[in-house]
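Chemist: If you count the sequence shown from 1, position 466 lands on 466 in this note's numbering, and the numbers rise without skipping.
Check before you lean on any hint, since a few could be wrong.
Unchecked claim - Capping the alpha-carbon separation at 27 Å, the derived lysine-lysine pairs in DSSO-like fashion look like this:
(1) K263 - K461
(2) K269 - K292
(3) K408 - K357
(4) K415 - K402
(5) K436 - K418
(6) K461 - K436
(7) K110 - K292
(8) K357 - K176
(9) K214 - K189
(10) K176 - K189
(11) K214 - K110
(12) K416 - K461
(13) K269 - K176
(14) K447 - K418
(15) K402 - K416
(16) K418 - K357
(17) K416 - K447
(18) K447 - K461
(19) K263 - K176
(20) K214 - K447
(21) K402 - K357
(22) K189 - K263
(23) K416 - K436
(24) K418 - K408
Treat the hints as calculated values from the structure; they're not laboratory data.
Keep in mind it's a predicted model, so treat the numbers as computed, not measured.
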Amino acid sequence: MKKSITCGTGRARKTPANDFQTHRVALDRTASRRSDRKANCCFTCLTCNIVTMDAAEFRRRGKEMVDFVADYLENIEHRRVYPDVEPGYLRSMIPSEAPLEPESYEDVLKDVDRVIMPGITHWQSPHFHAYFPSASSYPALLADMLCGGLGCIGFTWAASPACTELETVMLDWLGKMLQLPEDFLAGTKGQGGGVIQGTASEATLMALLAARCKAKTITLNLWSSPLPQAHSSVERAGLIGGVGIRMVATDEHFSVRAETLEKMVAEDKAAGFIPFFFCATLGTTPSCAFDKITELGPLCNAENIWMHIDAAYAGSSFICPEFRPLLDGVEFADSFNFNPHKWLLVNFDCSAMWVKKRTDLIGAFKLDPHWGIPLGRRFRSLKLWFVFRMYGQSGLQAYIRKHVELAKVFETMVKKDKRFEICAEVVLGLVCFRLKGSDELNEALLKEMTHLGRIHLVPCKLRGRFVLRFAVCGRTTELRHVQEAWTHITELSSEQTLPMSGTLLMQKSSVTQDLIIYIRPSC
């Protein structure tokens, strides 16, 4: 016997009698609606009274949303880049509970404009110069739309073969663009391979756990070594991994040198510790400094210390031949990671990680998932595939070079004004600078910039001093935006009196365990 199920088209399809079926769904355009507003965008299931959206309506609303996003990005530079709201602003603007009855799409979109947009920091604005880039592109957005539509969960090859295989191939494509040694590629004679993690934090944690598992003699005396300017995720990985942390001092250029690490290794081994993990950074968060991995790598190899390279921001630049020497020494690394979602026109999240020996990573996790912490995986490689094909390597290289050139322009303008000083070498798209004088003066300048909201910068601490960071971030940032930003900064600095602010406190968590990792302090 056959049963009929009425689908959204109004036509019945045949299905076996034993099909799992919770209820019959019938969509009727002429059915009574709970309200006229529902009739504008939705159709009601006659059986369960649930308001839904059919394919035709999705097409119409989807086109409207594409227009909304395109208009937003096209006109984003006219918006205040930093929101003028106070913490907790949103709660009073929406109900305290979810609606009992369905609401219309129009009402939801109205509330996006009324509730959400006032509290958005506009990361894609050409006036956004904080943190590091999180630039997207239209091809990447389209790929993400496709990813959501396909809705596959790639936790195994069988769960979605294309999801697994395209990711493997895209990481090989990207590895070749970076000129990684064959050891790190999956489609070669090497023993390694690449995987997309959600963030560099996940990649660092995976590397640390693999290194800890590989160290067969682990008892209670492991250490890992972060650096003064290492990202907080490195310290967090040590805490999650159950090991302590040792900070490695940097030189005058904020770089870790081999002689410093070698001395610490000798001291800690003599004290009964087992060194097993070192996280080198290429392009530190505060100042975009680069550790000397050509020196550090041989030392780590000789001491049987896993060397992980975190190049979250700077890694994208290595596709340009002129910046590839910054990655020299990667052949000594056990793992390497950077974030295409920062500077390679792939929207968040997409963090690329490679290991030299995939058995080290797989061996640390005897159960699925082998290559990451989450079981479920989105089809993130689609974004890479779309962007690589629609920009080409030459287009991506041109984009990165443009950002570096704009940063150099900003550096030149800073140097010409005797009231300011450059605080770290400008290598890529970040300029660290400050007003000569007290920290309070620079804090006041930043506070006024944030209050006005025309441009957005964030600070850092270098050698104990309060420093301003100017990062070229936006996909649409042009020379005029950089010039306007500098004009705005100099005008504020020319004011007779800058409003004073309290001292910024930057706390560091303490570690008391016997298990230790090495990181760099955020000086």
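Chemist: Indicate, hint by hint, whether the structure satisfies it.
Modeler: Hint check results:
A hinted pair counts as satisfied when its Cα atoms are at most 27 Å apart, and K263 with K461 qualifies at roughly 26 Å. A hinted pair counts as satisfied when its Cα atoms are at most 27 Å apart, and K269 with K292 qualifies at roughly 22 Å. About 39 Å separates the Cα atoms of K408 and K357, which puts this hinted pair outside 27 Å; it is violated. The hinted pair formed by K415 and K402 meets the criterion: a straight-line CA distance of about 20 Å does not exceed 27 Å.
Among the hinted pairs, K436 with K418 is consistent with the structure: their alpha-carbon atoms are about 8 Å apart, no more than 27 Å. For the hint pairing K461 with K436, the CA-to-CA distance comes to about 15 Å; that is within 27 Å, so the pair holds. A threshold of 27 Å between alpha carbons decides the hint, and for K110 with K292 the separation of about 53 Å lies outside it, so the pair is violated. About 17 Å separates the Cα atoms of K357 and K176, which keeps this hinted pair within 27 Å; it holds.
Among the hinted pairs, K214 with K189 is consistent with the structure: their alpha-carbon atoms are about 22 Å apart, no more than 27 Å. Of the supplied pair hints, the one linking K176 and K189 holds, its CA atoms being roughly 14 Å apart against a limit of 27 Å. A distance of roughly 54 Å separates the Cα atoms of K214 and K110; the hinted pair therefore is violated under the 27 Å criterion. Distance restraint check for K416 and K461: the Cα-Cα separation of roughly 23 Å lies within the 27 Å cut-off, and the hinted pair is therefore satisfied.
Our distance criterion of 27 Å between C-alpha atoms is broken by K269 and K176, whose separation comes to about 38 Å. Our distance criterion of 27 Å between C-alpha atoms is met by K447 and K418, whose separation comes to about 22 Å. Between K402 and K416 the alpha-carbon distance is near 22 Å, which keeps this suggested pair within the 27 Å criterion. For the hint pairing K418 with K357, the CA-to-CA distance comes to about 52 Å; that exceeds 27 Å, so the pair is violated.
The hinted pair formed by K416 and K447 meets the criterion: a straight-line CA distance of about 24 Å does not exceed 27 Å. For the given pair, K447 sits about 16 Å from K461 by alpha-carbon distance, which is consistent with the 27 Å threshold. Between K263 and K176, the direct Cα distance comes to roughly 36 Å. Violation of the 27 Å bound is thereby established for this hinted pair. The hinted pair formed by K214 and K447 fails the criterion: a straight-line CA distance of about 48 Å is larger than 27 Å.
Between K402 and K357, the direct Cα distance comes to roughly 36 Å. Violation of the 27 Å bound is thereby established for this hinted pair. The hinted pair formed by K189 and K263 fails the criterion: a straight-line CA distance of about 37 Å is larger than 27 Å. Taken as a hint, the K416 and K436 pair is honoured in the structure, with Cα atoms around 13 Å apart against an allowance of 27 Å. For the hint linking K418 to K408, the alpha-carbon distance of about 17 Å falls within 27 Å, and the restraint holds.
Hints 3, 7, 11, 13, 16, 19, 20, 21 and 22, counting from the list given before, are not met by this structure.
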